[in-house]
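Number of protein chains: 2
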Amino acid sequence: MHTDLVAALDIGGTKIAGALVDDGGSLLVRAQRPTPAREGAEAVMGAVDEVLGELTASPLWGRAGFAGIGSAGPVDAAAGTVSPVNVPGWRDFPLVERVHKTTGGLPVALVGDGVAMTAAEHWLGAARGYDNALCLVVSTGVGGGLILGGTLRPGPSGNAGHIGHISVDLDGEPCPCGSRGCVEGIASGPNIARRALEGGWRPGPDGDASAAAVAVAARAGDPVALASYERAAQALAAGIAATATLADLDIAVIGGGVAGAGDVLFAPLRRSLRDYATLSYLRRLTVAPAVMGTDAGLVGAAAAAIALR
Amino acid sequence: MHTDLVAALDIGGTKIAGALVDDGGSLLVRAQRPTPAREGAEAVMGAVDEVLGELTASPLWGRAGFAGIGSAGPVDAAAGTVSPVNVPGWRDFPLVERVHKTTGGLPVALVGDGVAMTAAEHWLGAARGYDNALCLVVSTGVGGGLILGGTLRPGPSGNAGHIGHISVDLDGEPCPCGSRGCVEGIASGPNIARRALEGGWRPGPDGDASAAAVAVAARAGDPVALASYERAAQALAAGIAATATLADLDIAVIGGGVAGAGDVLFAPLRRSLRDYATLSYLRRLTVAPAVMGTDAGLVGAAAAAIALR
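Just so you know, the sequences run in chain order A and B.
Numbering follows my numbering, with no gaps: position 74 of the first sequence is 74.
Remember, my numbering sits 309 above the position in the second sequence when you count from 1.
Misleading hints may appear alongside valid ones.
Taking beta-carbon pairs under 10 Å as the criterion, some of the chain B residues facing chain A (in silico) [said to hold, decoys possible]:
#, residue
1, Thr449
2, Ala546
3, Asp557
It should be emphasised that the hints constitute simulated quantities derived from the structure, not laboratory data.
Since the structure is predicted, the reported quantities are computational estimates derived from the model, not experimental observations.
Note that CB positions come from ideal geometry on N, CA and C, so glycine has one too.
Let's have the full structure, built from the sequences with the hints guiding it.
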């Protein structure tokens, strides 16, 4: 039997998605369950097993040759375990071993969700054709992944490229991670909203106080809303410039809900990048929005499995 | 003829050194000239040619199979050119082509000096046996290089790992590079000395106001001198933690004159690293002093040529 399909899993704090993905990146069979994030380890694994059960019941299952998992982090690819911040029941949970068993012994590749998104954008998205890329997810948190020398580089732990928790402000505000001045603490959606509220911005009649609502106000010219996005852009630019300086990058691709703000984010980001990415070898660095959308996690889990096979 | 030797060149702002290096890292023939750094392009190249002339005159020259260059940066490995900040006569100077010709057509590998030092420490020094390493040179400037997945990763430009010009203080002091709050602007030797002087530290009767003299004062308990090293250590820790977070590192190796301060630097550096390198996958990160000494540039140029062959 020709085993040309990947059994892909995308494990998040709100949903667990699965698919059989072909070698062109098409999702042939899909399944999804809500993540029982407040329940115990076996309840969460039960949801994974249900998703996998739908996939194994498909007549296409026989073509699945290996499995790929992109999971909310941190993950430990070397140990095959995951400890998603938003799924307290899973701490050092042996997900690789469990999926290996449930799938009847398929080889399993595990990476963090930022690395999976990066694999998707490099395979079929905005980073396609670039040999040295950072892809970011800017959302409730800030994650990322790296393509170096044309290849996905998850690092031994599967977490490389985790730009959200590098400090760009060494004396800055404490971060829940224990460090200070992390990119995520300045540039995540909740922090964009918090800063706008602290500056005096108020939500409209619908009460929407999200970063997306701040973006609407910024587009209408609200100076406090604009300033909050500019500060987020500045932190992202400092982090992207640091990564590009260290890793000698061609492109940074930015996805996630906050990237949906469009020019409200990207215009100041491109300006700030000129301030921080100053060395001659960074002249070629470009910035682009992600294009893979909500399926990036599944396509990326498959892409990572293919890349690491 | 067995071509087991590398013709290695170490190009700096004060000296140009060359050697024939064997496959165990021994320097069999050496040559050196002062860098005529204030003269024109051809005068500097003349010094390189004199160094190479001594090597080609050696009876061992016939065993030289390729050439490796580590140069003060920035370099452009893709173009084969160098533009050392401290050698104004060389801007986009086609060093690879010129060395290729002078050596009678040897293949030539070019990397930045921080990358060369990294290759040396990974081959024979403190990073030996580590698959994921950052090596730093903390001196008049701050440079570095990366080992990822067991392999030297100079990046397409040959400058990857250049940690001195990542911003760890996005609102910080302007850096000559055009950015703000760069690691080099806080942690280099001249900045350690400047900060001590600004804080009221005064040199002894010999008038030595170098970072090394500040280290002597710190060892004797001078609080201003200690504080200046602690601030340098904090900036290095933030930069190393950022690099480790992004690249999923096992070890950071620190060399250069400032590392000669020993515990005055390393004790606060290890403390600060615990503050900034907080993610679970960084628990394995260790810090060690470099061991390759003044020959690291030549050994590293050879090691880079071997790694990139």
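Verification of the supplied hints:
no.: 1; hint: Thr449; verdict: violated (17 Å)
no.: 2; hint: Ala546; verdict: holds (8 Å)
no.: 3; hint: Asp557; verdict: holds (3 Å)
Comparing the model with each earlier hint shows a violation of hint 1 alone; every other hint is respected.
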